[in-house]
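Let the hints inform the model, and build the full structure from the sequences given.
Residue numbers (our numbering), protein chains in the order written: chain H, 339 to 939; chain A, 107 to 168.
Calculated from the structure, these hints are not laboratory results.
As the structure is a computational prediction, the values presented were derived from the model and not from experiment.
Keep in mind that a hint or two might mislead.
[To be verified] So the derived label-pair ranges between C-beta atoms look like this: (1) R161(A) - G924(H): 25 to 33 Å; (2) K490(H) - A131(A): 57 to 65 Å; (3) T139(A) - E624(H): 54 to 62 Å; (4) K127(A) - E877(H): 46 to 54 Å; (5) E126(A) - A506(H): 55 to 63 Å; (6) R161(A) - S443(H): 42 to 50 Å; (7) I466(H) - Q140(A): 41 to 49 Å; (8) A124(A) - R539(H): 45 to 53 Å; (9) T840(H) - Q140(A): 31 to 39 Å; (10) A131(A) - A506(H): 44 to 52 Å.
We treat Cβ as the ideally placed atom computed from N, Cα and C, and that holds for glycine.
The primary structure of each chain is shown beneath.
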Amino acid sequence: MSDDEGAAQERVAIGISFGNSYSSIAYTSSDGKAEVIANEEGDRQIPSILSYIDGEEFQGTQAKSQLVRNPQNTVAYFRDFLGQEFKSIDPTACHQSAHPIQHGSTVAFSIHDTLRPASPGSASANAIVPVSEIATRHLRRLKNSASDFLGKPVNAAVIAVPTNFSDAQRAALREAAERAGLEVLQLVHEPVAALLAYDARPSQPSPDKKKAGGVSQTADKIVVVVDVGGTRSDVAVLASCGGMYTVLATAHDYDVAGATFDGALMDHVAKEFLKKHKGAPDPRAEPRAAAKLRLEAEAVKKALSLGASASFSLESLVAGIDFAMPLNRSRYELLVARHVAALVRAAAHAVDKAGLDAGLDVAEVVCAGGSAHTPRLARALEAAFPRAAAAGAVRAPATDPAALNPSELAARGCAVQASLIEGFERADIEESTEAVVTVTPHLSRALGVVVVAGPAEEEVLVPIVEPDTPVPVRRTAVVPAPAQDGDVLVRLCEGERGVKVTRPERKRAETNGEEAGGSEGGSEEDSEEDDEDEDEEEEEVRERVWKATRTVAEVGLKGVRKGRMVEVQVNVGVGLEVQVMVREVGGKGGVRGVVGGPEGV
Amino acid sequence: MATIQVSIPLPVLPEGWAAEKDFKALSSLSAPTQRNVEPVGPHFLAHARRKRHKRTFSEDER
Ligand SMILES: Nc1ncnc2c1ncn2[C@@H]1O[C@H](COP(=O)(O)OP(=O)(O)OP(=O)(O)O)[C@@H](O)[C@H]1O
Ligand SMILES: [Mg+2]
Numbered sequence: 339m340s341d342d343e344g345a346a347q348e349r350v351a352i353g354i355s356f357g358n359s360y361s362s363i364a365y366t367s368s369d370g371k372a373e374v375i376a377n378e379e380g381d382r383q384i385p386s387i388l389s390y391i392d393g394e395e396f397q398g399t400q401a402k403s404q405l406v407r408n409p410q411n412t413v414a415y416f417r418d419f420l421g422q423e424f425k426s427i428d429p430t431a432c433h434q435s436a437h438p439i440q441h442g443s444t445v446a447f448s449i450h451d452t453l454r455p456a457s458p459g460s461a462s463a464n465a466i467v468p469v470s471e472i473a474t475r476h477l478r479r480l481k482n483s484a485s486d487f488l489g490k491p492v493n494a495a496v497i498a499v500p501t502n503f504s505d506a507q508r509a510a511l512r513e514a515a516e517r518a519g520l521e522v523l524q525l526v527h528e529p530v531a532a533l534l535a536y537d538a539r540p541s542q543p544s545p546d547k548k549k550a551g552g553v554s555q556t557a558d559k560i561v562v563v564v565d566v567g568g569t570r571s572d573v574a575v576l577a578s579c580g581g582m583y584t585v586l587a588t589a590h591d592y593d594v595a596g597a598t599f600d601g602a603l604m605d606h607v608a609k610e611f612l613k614k615h616k617g618a619p620d621p622r623a624e625p626r627a628a629a630k631l632r633l634e635a636e637a638v639k640k641a642l643s644l645g646a647s648a649s650f651s652l653e654s655l656v657a658g659i660d661f662a663m664p665l666n667r668s669r670y671e672l673l674v675a676r677h678v679a680a681l682v683r684a685a686a687h688a689v690d691k692a693g694l695d696a697g698l699d700v701a702e703v704v705c706a707g708g709s710a711h712t713p714r715l716a717r718a719l720e721a722a723f724p725r726a727a728a729a730g731a732v733r734a735p736a737t738d739p740a741a742l743n744p745s746e747l748a749a750r751g752c753a754v755q756a757s758l759i760e761g762f763e764r765a766d767i768e769e770s771t772e773a774v775v776t777v778t779p780h781l782s783r784a785l786g787v788v789v790v791a792g793p794a795e796e797e798v799l800v801p802i803v804e805p806d807t808p809v810p811v812r813r814t815a816v817v818p819a820p821a822q823d824g825d826v827l828v829r830l831c832e833g834e835r836g837v838k839v840t841r842p843e844r845k846r847a848e849t850n851g852e853e854a855g856g857s858e859g860g861s862e863e864d865s866e867e868d869d870e871d872e873d874e875e876e877e878e879v880r881e882r883v884w885k886a887t888r889t890v891a892e893v894g895l896k897g898v899r900k901g902r903m904v905e906v907q908v909n910v911g912v913g914l915e916v917q918v919m920v921r922e923v924g925g926k927g928g929v930r931g932v933v934g935g936p937e938g939v
Numbered sequence: 107m108a109t110i111q112v113s114i115p116l117p118v119l120p121e122g123w124a125a126e127k128d129f130k131a132l133s134s135l136s137a138p139t140q141r142n143v144e145p146v147g148p149h150f151l152a153h154a155r156r157k158r159h160k161r162t163f164s165e166d167e168r
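Structure, rendered in structure tokens:
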């Protein structure tokens, strides 16, 4: 490279999602749209697999097909091993590919990756390749694919990582990427990247678009991101407030993910095969047959996300016997029903950990990861998150026609972040991600105004600032004036979310015998899949109500005409001091005041 | 942040309610919880800028 220095310093940054099963690369076009890039083979989901044949390296789909013929020189499912000690890894996913081995205290693979013997005089032609080097090779190929596509050399990236990646794992990933010639601008949590991908959608109409740098202003809400991948499933509960994201709780499940679905299909097909070919060997016990079966199971599973039926077609599966059979979606859904239920439980568990209620508090569910294409999973999440479902906000292909491709969310979100920060000095980026900047006081209660509902003039609190909102924050509400001309009271209160339970009268009479201890806000656990007559059992209706817990300020606004609107603006500062401004919309003057923050903040 | 539209009306000011400049400060907010905001997205970048330069919303908009 004889380019001058100026050109060499220019950043070309992409977003990378590097999973144990698949990777994707994305960039932000000049019109601000994040898009996933296809590699030379036309794949947007690139298997995170490298395979070596006679000294030649293959990656992605080509490497994946080598799991059948050349498994010992095919390295797969290695991302989570980065930065880990050998004794703490779970090698299960590598059962049908190169096995991880101990290398010092870390992880390596013994593979035949060159034409030459590894070390002169050594009997084995194999080389010991540390997992960090495998990751570097994989990332270098991703970088090259992106460079080919963009027509200029990519040299920087924002990369997604799980929320529970340790500092050692993060450092190892950074190093592996830097060795591949990628300056790592930032590591971003996977569920946060997924939310950013949604919030940065250019299609969303937004009056504030210019100010917000392309990202639309969204309502304050609790969002659950359910990421079901190939070898792991991760749930994150987040507060999304004015485009800022705070993780409230997470849950991780390494027992149920896409590979579990494949396994259930494999078992089903193997049993059918053995029924038909009595005395034939069990294909699951033959490594080559098992590998074929697994690949075909994954393909059939994907086909069943789109169509109502698909078929297995396995040439020379075992002992030279060909095997084919059709499978329809409902049969498949039965096979995986208990795994889907386990995933829904994991999601509910994370919401519990956050101290929230799945039915009342969660306004949106973002389904991420390849397995989120599974219609049955999306529908099960709808049932578990009724408030999000009622708002049409369970974002998966099966439940929301406007959903983004769940396989692309992490990479797209990273590409959005990359475009936002690629022009910054490295020191500035680092400073912004340090605790002094990110650790922020969040409101522990809601802050709202009291209004009067219905002819009974019942007092109700309407939140203006939601709980778990980071400060400083500024919010404005407009509220109708009373039905007659005169003076108006604006009572600003802190409050908590309560539950109002209404049980259908008729049903109550019918089922008096087994009134399932449904006290107010009581749990209705264990009522999931097991009761068959769930449709008949008319559910009690649970609604959110906000209860004022303390009055923060009162404002008297004089001489407001009926039918007018009153604007209430609150500004909560870093010390939790509250500035209040109240005025008649379109009127002049108004009332201002300040409430000091709590002691010691 | 878009304005929140409330559809239920405010109450009438009770007879005899009086306060200096029509404003009564009654109680501080509860103590906050310290949490980590994810350093991602344009709104966070604006937040970080304000925090580093110790500016308020309105100063930031100028
Ligand atoms: N259309 C589809 N329908 C059903 N499952 C799918 C579909 N597309 C991909 N998958 C499954 O999604 C899983 C991969 O998910 P993803 O691309 O999110 O991988 P990942 O993050 O690398 O996974 P992990 O790190 O958990 O191993 C695989 O099990 C794959 O078979
Ligand atoms: Mg993943």
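Q: Against the earlier hints, flag every one the structure doesn't satisfy and list their numbers going up.
A: Nothing - there is no hint that the structure violates, so all of them hold.
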